[in-house]
Amino acid sequence: MSWETVIGLEIHAQLATQSKIFSASSTAYGAEPNKQASVIDLGMPGVLPVLNEKAVAMAVKFGLAIDAEIAPRSVFARKNYFYPDLPKGYQISQFELPIVGLGKLEIELESGDTKVIGVTRAHLEEDAGKSLHEDFDGMTGIDLNRAGTPLLEIVSEPEMANAKEAVAYMKKIHSLVKYLGICDGNMQEGSFRCDANVSVRPKGQEEFGTRAEIKNINSFRFVERAINHEVNRQIDLIEDGGTVVQETRLYDPDRDETRSMRSKEEANDYRYFPDPDLLPVEITQDFLSQMRQKLPELPEQKKQRFIEQYSLSDYDASALTSNRATAEYFEEAIKLESTDPKLTANWVMGELSAALNEHNLDIEASPVSAELFATLVKRIEDQTVSGKLAKEVFEFMWQGEGDADTIIEKRGLKQITDTGALEEVISTILKENPDQVEQFKAGNDKIIGFFVGKVMQQTKGKANPVQVNELLQKLLQA
Amino acid sequence: MLHNKSITELSAGLAAGEYSSAELTKQYLQRIDQHADLNCYITVDQEGALHQAAEADKLIASGGAGPLTGVPLAHKDIFLTEGLRTTCGSRMLENFIAPYDATVVTNIKQAGMVTLGKANMDEFAMGSSNENSYFGSVLNPWNIKMVPGGSSGGSAAAVAAGLAPIATATDTGGSIRQPAALCGLTGMKPTYGRVSRWGMVAFASSLDQAGPMAQSAEDCALLMNTISGFDAKDSTCMDRPVDDYHANLNDSLEGLRVGLPREYFSDELDPAMRKVVDDALKVYEGLGAQLIEIDLPNTHLSIPVYYIVAPAECSSNLSRFDGVRYGYRCDDPKDLDDLYSRSRGEGFGAEVTRRIMIGTYALSSGYYDAYYLKAQQLRRLIKEDFEKAFEQVDVIMGPTSPDVAFPIGAKADDPVDMYLSDIYTISANLAGLPAMSLPVEQVNQLPAGLQLIGNYWSEARMLNIAHQFQQKTAWHQQKPVGFFEGGS
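So the sequences go chain by chain: A and B. Our numbering puts the first residue of the first sequence at 165, with every later residue one more than the last. Our numbering puts the first residue of the second sequence at 746, with every later residue one more than the last.
Note that these hints are calculated values from the structure, not bench results. A virtual CB, placed ideally from N, CA and C, is assigned to each residue, including glycine. Any given hint could turn out to be false.
[What the hints assert, rightly or not] Far from chain B by the CB rule (all over 10 Å, computed), these chain A residues:
| id | residue |
| --- | --- |
| 1 | GLY210 |
| 2 | ASN244 |
| 3 | VAL630 |
[To be verified] Which bits of chain B does chain A cover? Going by a derived footprint, with three or more residues having C-beta under 8 Å, they are:
| id | stretch |
| --- | --- |
| 4 | 1055-1062 |
| 5 | 1067-1074 |
| 6 | 1107-1114 |
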């Protein structure tokens, strides 16, 4: 039998506010446990939540960016359950009336086609704290620094057909929230994580199969692996005569498998009801238009502008704008030294991107700043260095040796463009190789490669190959 | 003998230097000790009170005093008081030292008042007799075999017995007004959103409101001036100007339209109670008021609606008492579930447990629509009844409670009968309206109360209406036998 996969994602993006969603505590990562937990975050008796308006503004920006309906009135609800890292015994979330309604997002498929994925809703909620099971012999430590951190939970329609599409969607959301400046996107620190709902059904069947939810996946690679593993597990199970049960599963990256979480958790009845401590959030048209004006240029708009303004190909523009930091790096570089956009783009996506990948760095953390990078592209453009030497210059730049001119000077990598000096080198070579000169004169054009090689060898690669060719032609025919 | 004075009188006496706050405070502390058998206080803060009194005296001497500087009071033990034990009448918080001050407490501190201690109450403010306190029943000073009412029974009994000149209290379904009625006091529940709920242990968030428990409407006005106002820490607290509640107490009541809901004066109303209420209404007629019969057709829904909404909210509000971070924790828990169930099972009393269970049930999936959602819809109808009524009248009057104080133990085994004690008071909480109780003629030698329900934000007018009554009557000046005779 042939099978079809249906995937929906719930992404939790931690909003980049300075303070928590319902208290004034800092949201900074990595503090000593419970140092960023106020009486509100601790769930002390008598405390009350006060909504952080910045979190609302961020949610609205996200909604506008995916062309979603923004609810004129949304309501915070309590999701009631007991857990030691949930201080109040309930999580403040949104249930029936989320702030962001139905929206959509276009993803690029590997085939080069695009596909529109629906975003069912996005709602604001507070994060829970952390239970630390390892450091306390036989006991559990509770760190409430994270409790009350604002999250935007972005729920997709079940419209992805395979793991690759799910990853493309997740990457697109990741890029978008970073573009909007509403989430730092740091997956190691848990600022951006996702749950995947996965089901399979026989090809052609209308109704969905029973789904399993894979919880808390925190990298693109793991999403792809976890989904693929889960799809195979479900198909194997059904083909062996079993049935998929609706459950929550955890992905274990070390063993590359998903496994069932305890069923006790699934029995929760969250007893949602509107939180009487908070008023409904009312979004006015006025606020919406303010937010609209504050929206940065979005990836798609930026891409179109790059194509028109810089005459870049669709492919180049797409690659450069896939994340905001790369696009900004590129634009800063061409602005600083007025270098050719196409040449700059090639070097950003080529040498720079390769080095970043190799060192597993984000472009924000690049040791070669846009400013330094621009000095190099400038020297490639004006032929001070050849492409080959430019790669060496880039290497030294990466190691912190300064701007292009300093490196070229210090390392003697300047391209020889002095015709007199080159003519001298060539004349000497011609004299030393009379046989080859004869062959050329006898009509063997290809022998010119031999001379070019010699010249490059003599000049340690610093000669301009085009100029060497011209001079050779001239001197050989003299 | 200072303990028979109103805070209006104490304020004047302190300002005139007739006595110091320290003297006054000592006298109250002494009386609290002397009448400890009434069980009005859960915690007495002798040291803190004397320190605050000394500070107040300095302030008075330096000329920087406000009207209430140096006046002692009791806080219902539901308000968090930094550094001082705050139990909420529960074993759960038996040893809980509050880490911060409630806004009401802060405002009162800033006014220079002296906190004598924390008043007894029904556990988590759930009850109408104060019998649900982990720290034992409070005795009604008018007759120590009787309950003082609840949940603010400690606040009421303390003021009635002269163990505090005034007290703070809270009202979720009548917890200020009913004990005020049963102890012969004047109490006010302000409009929902007038007084900050920050630092007040939550019972039912959409109903809870703090207010004064006092000897007179004028005293209520003084404390209302101190505790009312916007607080950015409470999202449900309204950002609107606060009237000077003392300024218009003497306005005329000529032409006042008083609404009398047919539903509050039905045949079921005890004739003796009816008579004292009718007599009070005659006083109002004498003051120029016009009595108008009105209808509040959804009144009969108040109790059923309340006993869905309040338990639902409390079931969630009380989830934080889980034995993990603070409060009672059971001995030797086997595992996490055991920790939860035994800490909560042992830490909460029977009535609290009952309401948590009712609320949990009402919010369960599959029952939510039939109970909680339905109750919210009916709550709207109840509110609309009042909105219509206030197109016709300025204030609504009726009995505060169907009964005067009943014997301790009489209703303890019948929760539904107990719930009916609040039949007249609950609607004001459901609608968010301000309401008061003031003493009228006694019934069977026990105090009885007249309830005033006003329109939103009409506290100043209501206090004026109550004050004018108290200018014509002396019911509010009656004192229980055995507490005010002779020396201190």
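Least C-beta distance between ASN244(A) and chain B, which was stated to exceed 10 Å: violated (5 Å)
Coverage claim, chain A over the stretch 1107-1114 of chain B, checked by counting residues with Cβ within 8 Å (three needed): holds (count 4)
Separation of GLY210(A) from chain B, once the least beta-carbon distance is taken, above 10 Å: violated (4 Å)
Chain A covers the stretch 1067-1074 of chain B, three or more CB atoms within 8 Å, holds or violated: holds (count 4)
Cβ separation check - VAL630(A) to all of chain B, threshold 10 Å: holds (71 Å)
Annotated coverage of the stretch 1055-1062 of chain B by chain A, confirmed only when three residues or more have a Cβ within 8 Å: holds (count 4)
The earlier numbered hints that this structure contradicts are 1, 2.
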